[in-house]
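J.: Protein sequence lines, in the order shown, are assigned to chains A and B. This note's numbering applies: residue 8 is where the first sequence begins, and numbers increase by one. This note's numbering applies: residue 2 is where the second sequence begins, and numbers increase by one.
I should point out that these hints are in silico values taken from the structure, not numbers from a laboratory. Misleading hints may appear alongside valid ones.
Unchecked claim - Label pairs and their in silico Cβ distance ranges:
{"id": "1", "chain 1": "A", "residue 1": "420", "chain 2": "B", "residue 2": "21", "range": "27 to 35 Å"}
{"id": "2", "chain 1": "A", "residue 1": "412", "chain 2": "B", "residue 2": "37", "range": "38 to 46 Å"}
{"id": "3", "chain 1": "A", "residue 1": "159", "chain 2": "B", "residue 2": "10", "range": "31 to 39 Å"}
Stated by the list, open to error - Beyond 10 Å from chain A on every Cβ pair, some chain B residues (computed):
{"id": "4", "residue": "2"}
{"id": "5", "residue": "7"}
{"id": "6", "residue": "28"}
{"id": "7", "residue": "58"}
{"id": "8", "residue": "73"}
As the list claims (entries may be wrong) - Covered stretches of chain B (chain A as the covering partner; in silico rule of three or more C-beta atoms under 8 Å from a C-beta of chain A):
{"id": "9", "segment": "16-23"}
{"id": "10", "segment": "59-72"}
Virtual Cβ for every residue (Gly too), placed ideally from N, Cα, C.
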Amino acid sequence: MKINKILLMGNPNVGKSVIFSRFTGAKVIISNYPGTTVEFTQGQIKIGEERPIVIDVPGTYTLEPTSKAEEVAVQVLKEGDLVINIVDATNLERNLYLTLQLLEKDKPVIVALNMWDDTKHRGINIDIKKLEKRLGVPVVPTCGLTGEGIKKLIDRLPEAKTPKLQISSDNQRWELIGKIVGEVQKLSHRHHTLLEGLEDVSIKPLTGLPLALAVIYSSFWVIRFIGENLIGYVFGPIFEKLWLPLMMRTSIVLGEGGFLHNIIIGNLIEGKIDFVQSFGLLTTGLFVSAAMVLPYIISFYLVLGLLEDFGYLPRLAVLVDNFMHHLGLHGYAIIPLILGLGCNVPGALCMRILEEKREKFIAATLMAIAVPCMAQIAMIIGLLGPRGGKYVAVVFFTLFLLLVTKGVILNKLLKGESPEILIEIPPYRSPQVKAVMKKLWMRVSGFLREALPLVLLGVLFANILHTLKIIDFLGNLFAPILTGLWGIPQEAIPALLVGFFRKDVAVGMLGPLNLTTKQLIISSTILAVYFPCIATFAVLIRELGIKDMLKMTLIMVTVALSLGSILNFIL
Amino acid sequence: MVIDVTQMKPNESGTIIEIRGGLGLMRKLQSMGIRPGKKVVKVSSHFWRGPQTVEIDNRQIAVGFGMAKKIFIEVISGVEAV
Numbered sequence: 008m009k010i011n012k013i014l015l016m017g018n019p020n021v022g023k024s025v026i027f028s029r030f031t032g033a034k035v036i037i038s039n040y041p042g043t044t045v046e047f048t049q050g051q052i053k054i055g056e057e058r059p060i061v062i063d064v065p066g067t068y069t070l071e072p073t074s075k076a077e078e079v080a081v082q083v084l085k086e087g088d089l090v091i092n093i094v095d096a097t098n099l100e101r102n103l104y105l106t107l108q109l110l111e112k113d114k115p116v117i118v119a120l121n122m123w124d125d126t127k128h129r130g131i132n133i134d135i136k137k138l139e140k141r142l143g144v145p146v147v148p149t150c151g152l153t154g155e156g157i158k159k160l161i162d163r164l165p166e167a168k169t170p171k172l173q174i175s176s177d178n179q180r181w182e183l184i185g186k187i188v189g190e191v192q193k194l195s196h197r198h199h200t201l202l203e204g205l206e207d208v209s210i211k212p213l214t215g216l217p218l219a220l221a222v223i224y225s226s227f228w229v230i231r232f233i234g235e236n237l238i239g240y241v242f243g244p245i246f247e248k249l250w251l252p253l254m255m256r257t258s259i260v261l262g263e264g265g266f267l268h269n270i271i272i273g274n275l276i277e278g279k280i281d282f283v284q285s286f287g288l289l290t291t292g293l294f295v296s297a298a299m300v301l302p303y304i305i306s307f308y309l310v311l312g313l314l315e316d317f318g319y320l321p322r323l324a325v326l327v328d329n330f331m332h333h334l335g336l337h338g339y340a341i342i343p344l345i346l347g348l349g350c351n352v353p354g355a356l357c358m359r360i361l362e363e364k365r366e367k368f369i370a371a372t373l374m375a376i377a378v379p380c381m382a383q384i385a386m387i388i389g390l391l392g393p394r395g396g397k398y399v400a401v402v403f404f405t406l407f408l409l410l411v412t413k414g415v416i417l418n419k420l421l422k423g424e425s426p427e428i429l430i431e432i433p434p435y436r437s438p439q440v441k442a443v444m445k446k447l448w449m450r451v452s453g454f455l456r457e458a459l460p461l462v463l464l465g466v467l468f469a470n471i472l473h474t475l476k477i478i479d480f481l482g483n484l485f486a487p488i489l490t491g492l493w494g495i496p497q498e499a500i501p502a503l504l505v506g507f508f509r510k511d512v513a514v515g516m517l518g519p520l521n522l523t524t525k526q527l528i529i530s531s532t533i534l535a536v537y538f539p540c541i542a543t544f545a546v547l548i549r550e551l552g553i554k555d556m557l558k559m560t561l562i563m564v565t566v567a568l569s570l571g572s573i574l575n576f577i578l
Numbered sequence: 002m003v004i005d006v007t008q009m010k011p012n013e014s015g016t017i018i019e020i021r022g023g024l025g026l027m028r029k030l031q032s033m034g035i036r037p038g039k040k041v042v043k044v045s046s047h048f049w050r051g052p053q054t055v056e057i058d059n060r061q062i063a064v065g066f067g068m069a070k071k072i073f074i075e076v077i078s079g080v081e082a083v
């Protein structure tokens, strides 16, 4: 039979995506927590002359669907021609449950015994020949991270078999698994490793909570440290020493004024180019993305990648579970919120790890309104920071208070209860430099590819707005809200418009307005809450539906109006 | 002595004898390896009816308080020496 579609299936967090990227060369995000893959990722593999499609199916524990994600996995199974069942060799018994269910189906199966390298130091000894015989399908030990065994797995794909096991009940299945495991696996005693000791420390509340605070504090410290130094010693000097003279010359060539000059270079401030205020495409446009935002994107994703690969995030989820219940969520919702701090779009996609509609809506609303993305955070730090660190703190503390208040209110208003947490906590693994760097590069280049054009477009749009009369009209129209309620000048209206597309440019547009510190605090807070960017909004419509998004929009408007007025009143 | 998971003390171990819950919950827990006959070690319980962490087959699983109340354990050895 010709194989057109190969499915990679297995329990969550067994390394399906690692093997997928080894197969196809595709770049996919790999982390050490269940639910990293929420979308079906497709790629092509080369086997001799053929190029079948490989699908990375999100992890599932069983084929009897207990959740939406598992229902989808069962659907996909029908379309596949061959299943590669990825099994975590360090957790054979539980993984074999899905394996047996797959072997009962009418599909050829081959088993990859992944994380093989881990079995040795965990004192696990598996007799592969015997396991192969007992299951009736090929079993290939692999180690996705190093690539060991992958070639052999591909070579043996044609040997995949369809044993069509006849099993009638769950009990029978577990009995068989018990027998198989008893025959093929030997465990030898060994001492707890340092990492395992750390696992216990980080999950016990008395030690885990202080540790979590320390981890969060030092993460922010490291992100700031790296970000500031990248700006101070790398990106800043490049712009000041190399780019500025070049731009000054370009400005002279363009005649130091006029339409084209204004778009490309922007306005000269006291006869000079000011990267923050000039607002030309090649001055402020490039400066905002490369010298203000990019350094923080790099440092944030470096720290996030390390935490992800180490396996810390699920532990944090357990520790904050209690607190999150007050917001109508359970602990695992912290993961999409943390991803949202990088960029709201992957955060919105990650909402899929939450099962119920109610918690998805709450988590998405909290993120869209109160979790600013790193681009926006970097700009707020860049603009407000020079006026004093405490003002930056006011903005973020306000957003945090807002997140908690909104969560508590939504939890009270919406019918239903927050579901309980049930997650597997992966073992700690030392992050591999190569893997962390690869993931960092994927995310940073993704930012440059997707955000940079939009930033430039935003700057262009801002310039066009300035030359058109629409701005005066809109400014006058919204003056009662802007000046009346929020106490900010109506010249801020273009920033609010551009904020629908890109938050970093929008915050940047506040720079040339000569705002007071209070006005800067209020307007950057409003920019954070009144709308997520259009890209996030589009993903959320797809994930939650139009009706929920209309509701959410209503909440955004209410929050923006009232929060702006409150800040204007108390500051 | 039969108690539920929330009543176990850290480091206490026992064998799951029964899960009192609907079919959905049973299946969900079972597929994650929480099923009658398995040996469990309690790792930690979080404050204010927070999640309970247990270790089964060297793998830690966090279970919400309500679910943990439905998992019944025959305690084997009492508190092990740490």
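J.: Against which earlier hints does the structure fall short, listed by number upward?
T.: Violated: hints 3, 6, 7 and 9.
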